[in-house]
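Since chain A is already given, all that's left is putting chain B on it; use the hints.
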Amino acid sequence: MGLDIRLPIGLMFTVLGPVLIVTGFVDETPISVYTGLAMALFGGLMLAFGVRGQRRSSISGGEVEGSER
Amino acid sequence: MNDLQVQLHAVDWAVIIIYFAFVLGIGFALKKHMKSSEDFLMSGHSLPSWVTGLAFLSANLGALEVMGMAGNGYKYGLLTAHFYWIGAVPAMIFVGIFMMPFYYGSRARSVPEYLKLRFDEKTRGLNAFSFAVLTVLMSGINMYAMALVIKVMLGWSFTFSICVSAVVVLVYTYLGGLTSSIYNEVLQFFLIVFGFAPLAIVGVARAGGWSGIAARLAGTPGMTRIWSSVAHPADNPMGIEVFGLVIGLGFVLSFGYWCTDFLVVQRALASKDMASAQRTPLIAAVPKALFPFLVVVPGLAAAALALKLPEGNYDYTLPLLLRMFYPSGMLGLGVAALLASFMSGMAGNVTAFNTVWTFDIYQAYLKKGATDAQLLRMGKRATLFGVLTSIFAAYLCRSFNSLMDYMQLLFGFFNAPIFATFLLGMFWKRATGHGAFIGLASGIAAGVAHHLLRLNGVLHYSSDMAAAFYGAIVSFSTCFVITVLVSFLTRPRPEAELRGLVYLLTERPKSVAQWYLRPESLALIVIVLVVVLNVYFF
Numbered sequence: 440m441g442l443d444i445r446l447p448i449g450l451m452f453t454v455l456g457p458v459l460i461v462t463g464f465v466d467e468t469p470i471s472v473y474t475g476l477a478m479a480l481f482g483g484l485m486l487a488f489g490v491r492g493q494r495r496s497s498i499s500g501g502e503v504e505g506s507e508r
Numbered sequence: 056m057n058d059l060q061v062q063l064h065a066v067d068w069a070v071i072i073i074y075f076a077f078v079l080g081i082g083f084a085l086k087k088h089m090k091s092s093e094d095f096l097m098s099g100h101s102l103p104s105w106v107t108g109l110a111f112l113s114a115n116l117g118a119l120e121v122m123g124m125a126g127n128g129y130k131y132g133l134l135t136a137h138f139y140w141i142g143a144v145p146a147m148i149f150v151g152i153f154m155m156p157f158y159y160g161s162r163a164r165s166v167p168e169y170l171k172l173r174f175d176e177k178t179r180g181l182n183a184f185s186f187a188v189l190t191v192l193m194s195g196i197n198m199y200a201m202a203l204v205i206k207v208m209l210g211w212s213f214t215f216s217i218c219v220s221a222v223v224v225l226v227y228t229y230l231g232g233l234t235s236s237i238y239n240e241v242l243q244f245f246l247i248v249f250g251f252a253p254l255a256i257v258g259v260a261r262a263g264g265w266s267g268i269a270a271r272l273a274g275t276p277g278m279t280r281i282w283s284s285v286a287h288p289a290d291n292p293m294g295i296e297v298f299g300l301v302i303g304l305g306f307v308l309s310f311g312y313w314c315t316d317f318l319v320v321q322r323a324l325a326s327k328d329m330a331s332a333q334r335t336p337l338i339a340a341v342p343k344a345l346f347p348f349l350v351v352v353p354g355l356a357a358a359a360l361a362l363k364l365p366e367g368n369y370d371y372t373l374p375l376l377l378r379m380f381y382p383s384g385m386l387g388l389g390v391a392a393l394l395a396s397f398m399s400g401m402a403g404n405v406t407a408f409n410t411v412w413t414f415d416i417y418q419a420y421l422k423k424g425a426t427d428a429q430l431l432r433m434g435k436r437a438t439l440f441g442v443l444t445s446i447f448a449a450y451l452c453r454s455f456n457s458l459m460d461y462m463q464l465l466f467g468f469f470n471a472p473i474f475a476t477f478l479l480g481m482f483w484k485r486a487t488g489h490g491a492f493i494g495l496a497s498g499i500a501a502g503v504a505h506h507l508l509r510l511n512g513v514l515h516y517s518s519d520m521a522a523a524f525y526g527a528i529v530s531f532s533t534c535f536v537i538t539v540l541v542s543f544l545t546r547p548r549p550e551a552e553l554r555g556l557v558y559l560l561t562e563r564p565k566s567v568a569q570w571y572l573r574p575e576s577l578a579l580i581v582i583v584l585v586v587v588l589n590v591y592f593f
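Top line first, the protein sequences correspond to chains A and B. To convert, note that position 2 of the first sequence is 441 in the numbering used here; the numbers rise steadily by one, no gaps. To convert, note that position 375 of the second sequence is 430 in the numbering used here; the numbers rise steadily by one, no gaps.
So here's chain A without its partners, still in its complex pose (with noise of 0.2 Å):
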């Protein structure tokens, strides 16, 4: 039961991540590129790693690492 924190992290930098690329690609700013890249990387690993906790939690029944018991 309980939340996995890693996956709203993870949706939350998958969202914000992109929104900066974006901008940053229309208004020739690398600083947006480059922090927008690293922010939907991270976003994205934190999505993976929720997600594997969340069917080993599913298959276990048990705890995940990340979230409550």
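Honestly, the hints are just simulated from the structure, not real lab data. Take these hints with a grain of salt, some might be off.
[Stated by the list, open to error] Per label pair, the in silico range of CB-to-CB distance: (1) Leu-443(B) / Asp-466(A): 37 to 45 Å; (2) Arg-495(A) / Ser-517(B): 40 to 48 Å; (3) Gly-483(A) / Ala-286(B): 48 to 56 Å; (4) Asp-466(A) / Lys-87(B): 25 to 33 Å.
[Stated by the list, open to error] A few chain A positions that, by computed beta-carbon distances, are all more than 12 Å from chain B: (5) Met-485; (6) Ala-487; (7) Val-490; (8) Arg-491; (9) Arg-494; (10) Ser-497; (11) Ser-499.
All C-beta atoms, glycine included, are put in the ideal place defined by N, C-alpha and C.
Here is chain B on its own, set in the frame of chain A:
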């Protein structure tokens, strides 16, 4: 338009709104799991150590911390890193290895409750009441500081800034309790990192890299080195020397805060087991050791670039850098990171307050036989009350500008002596409840007396910071000595009652199997990291 006001574009607003949506969403998602007072106030002792570790760090990242440290970076340069490398990090190692087994092992629900178990009711009462009052006041100070910055940056009115931030924090802490606060602190931690790291990189690049900064600031000793200029107070911009720095800041003030303040200790108590609780401050210590690069270095870069601060106010360093270096989109991220730092600090204060109020004041004094449903209800009401009181304190600060300084001063009076009380309580079985209470009261009084003597010109220091460090030493020493003296004159509790509460009478917690998960291994890694940083920037 003032020097700091920024023009947010649609993309900036989008970033800020997305952030708020996730913050509130976490609160709503956790609402259904808040079934008991333990769920609401203690996260059901269920969280993994990486989550509690980042929350341990993030709860301290209030507006004053983030903006204040960037301002200190401008004013004092890399000397500010002492707050981390000789202050916070060693204290985190100490609390993780030596103190957490007693906090977590005693099953105390709060720091004041540990004092009751170890000493007596009156010592708990003194700590609980002072902590409750000072915590909501500090939350209000954070709120006030943030509202000021939002006002000058975005042009929002003071009242609107306060209302938006207070409502958001209230909603997610009221719905999801401590878990929501901790989860949001983790999310906010990452947002703060992504929001400010590019600023540090751009700032350093604009100043010509690290060598460029060193060359530009070569005329002010101590700006890019941390130990080479502290032999004498006149040699560095902080006006401090080694003894005051190591004992006052490193030992007394930092240990007093990181080892005894329930705001941070509460995050560790939410851990799922003893090993996780011990790992919590040790995990937090790693990013803490690296935080000077995130918040101090931008201030240092601003100093190297000789940027003109509006009104000469060092607290405006970070907002000024955001305005100068961040384009659309990034500006929204930077503002969201500022809001995140404020809200994580405020939520941390509110959740610590509601727990101490519910367990250490309501259940201890007002309704001793309270049922769990009543405790849960009171916890939620205390959350609301904490936020409202914070708003009241913010308006007080607005009406009486000097009140903010007084409140922070008052906070310092309590933090330094309480560490002596815990040190003796945990490591000396002869310490008694009367000794602790009288020692603590004497330590606070000594801190106040020291301050008054300085105000009246009896005591002289080279800087306000030096005075604060030495005031802490006086306060701590008084508490320590008086506690020892009174303890020798009063009867100690039987040893059987102190098992699990005092070091020599308690079994060491069993080590976990994997060496890399053991608290001692983590502590060693952190020690090596902080030694390397101290040596490299000597």
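Against the structure, the hints come out as follows:
Under the hint 37 to 45 Å, the C-beta atoms of Leu-443(B) and Asp-466(A), about 42 Å apart, fit the expected range. Between Arg-495(A) and Ser-517(B) the Cβ separation comes to about 58 Å, which falls outside the hinted range of 40 to 48 Å. For the hinted restraint 48 to 56 Å between Gly-483(A) and Ala-286(B), the CB-CB distance of approximately 50 Å keeps it satisfied. Checked against the hint of 25 to 33 Å, the C-beta distance between Asp-466(A) and Lys-87(B) comes to roughly 42 Å, which is inconsistent with it.
For Met-485(A), the non-interface assignment is contradicted: its Cβ lies about 8 Å from the closest Cβ of chain B, within the 12 Å cut-off. For Ala-487(A), the shortest C-beta to C-beta distance to chain B comes to about 15 Å, beyond the 12 Å cut-off, and the non-interface label holds. Non-interface call for Val-490(A) relative to chain B: holds, since the shortest CB-CB distance, roughly 16 Å, exceeds 12 Å. Here Arg-491(A) stays apart from chain B, with its beta-carbon at least about 15 Å from theirs, past the 12 Å limit.
Even its closest Cβ contact with chain B, about 17 Å, leaves Arg-494(A) beyond 12 Å, as expected for a residue assigned away from the interface. Every CB of chain B lies more than 12 Å from the CB of Ser-497(A), the least distance being 17 Å, so the non-interface label holds. Non-interface call for Ser-499(A) relative to chain B: holds, since the shortest CB-CB distance, roughly 16 Å, exceeds 12 Å.
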